[in-house]
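So you can see what is in the structure, the chains are spelled out below.
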Amino acid sequence: MEAAPNTEALDQQFKEFIQALKSAVGSAMPHLKDDPKVVEKAITDCRDILDVVLEGNVKEWLA
Amino acid sequence: MFTDKVDLKDFEKQDPEYQDLLRRVLAIQADCEIGGPNLYVKDMLPNAPTRLDQLIVARTAAEEMDHYRKIARLAGDIGVDVSYVLSRANQDRYVEAFRGEIKTWEDYAVFGFLIDRVGRFQLEEFIGCSYLPLARVVDDPDMIREEEGHIDFGVNATAEWAAKGGESKERIQKAVNYWYVKGLDMFGKSKSYRSDRYMYWRLKRRPNAVARQQYKDECDALLKKMGLEIPDPNKDRLYT
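If you read the sequences in order, they're chains V and D. The C-terminal position of the first sequence is numbered 67 in the numbering used here, with every residue numbered one higher than the one before it. The C-terminal position of the second sequence is numbered 241 in the numbering used here, with every residue numbered one higher than the one before it.
Quick caveat, the hints were computed from the structure, so don't treat them as lab data. Wrong hints could be hidden among the right ones.
[Stated by the list, open to error] Here are the computed lysine-lysine pairs in the DSS-like style, where the Cα-Cα straight-line distance is at most 25 Å: (1) V/Lys-45 with D/Lys-104; (2) D/Lys-43 with V/Lys-41; (3) V/Lys-19 with V/Lys-63; (4) D/Lys-225 with V/Lys-63.
Because the structure is a prediction, the values reported are computed rather than measured.
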């Protein structure tokens, strides 16, 4: 069975997106009460990552 | 009834109907997994009521993306590129519930309560299924556990709104009325030849009508507990 083109590359790219998102969320959670700047930065990072993902420009990601 | 267990290396040897149904169900599942974040991230990430809620929106989106990734991998391995669902407009999604936008926090809460619950039902269909790579993905406790986390968040948030009474309760009831019928419709037609064939090939476990009734029983019990009205299950339905 031949896999669809980009199967491995798309999988890897998504792993990176997901890891980056979880890392941003994880870095902010312990600081909700004591460091608003850290939390704000994490939320901004999440927005930036999710903007790219939801745009869905796969060709650009995998170029 | 089909009793074989099929691994990737044997996929091409299977009956064409089996291959078609598996390709189809994986494409729809991938579309649904990424369909959620496309509904709520744009408005809910910046506008969730608290910083904690914003982080929960981001984490939920990350988990749904991971579910998409796992299903996309399975589809890719059998030659189906489902990357097209990443860039399609919401109104083009396979399932009607994913064709709009979520712009209020009460809709986000009820979406978790009712629509992510359908997601859990759909994943449960694949437990012990004949296609081993798919069965393995849902056997991994992460996927269903994460879905349950989204549901619990939605149930708790919905219950909190209902408990406030007054305008808050009216608003959450309105959201429940909207999503309840969409949830019921997500199970498809009760009399469905395709559903029978999925069961024959053991790619699904339950007839649509049975899964829908089990889902409805769960939802109705929770709505009753929250003091919310159970919407008319036949109003504005697309599939019965």
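Each hint, compared with the structure:
Taking the CA atoms of V/Lys-45 and D/Lys-104, the gap is near 23 Å; set against the 25 Å cutoff, the hint holds. A hinted pair counts as satisfied when its Cα atoms are at most 25 Å apart, and D/Lys-43 with V/Lys-41 qualifies at roughly 22 Å. Distance restraint check for V/Lys-19 and V/Lys-63: the Cα-Cα separation of roughly 17 Å lies within the 25 Å cut-off, and the hinted pair is therefore satisfied. For the hint pairing D/Lys-225 with V/Lys-63, the CA-to-CA distance comes to about 48 Å; that exceeds 25 Å, so the pair is violated.
The earlier numbered hint that this structure contradicts is number 4, and it is the only one.
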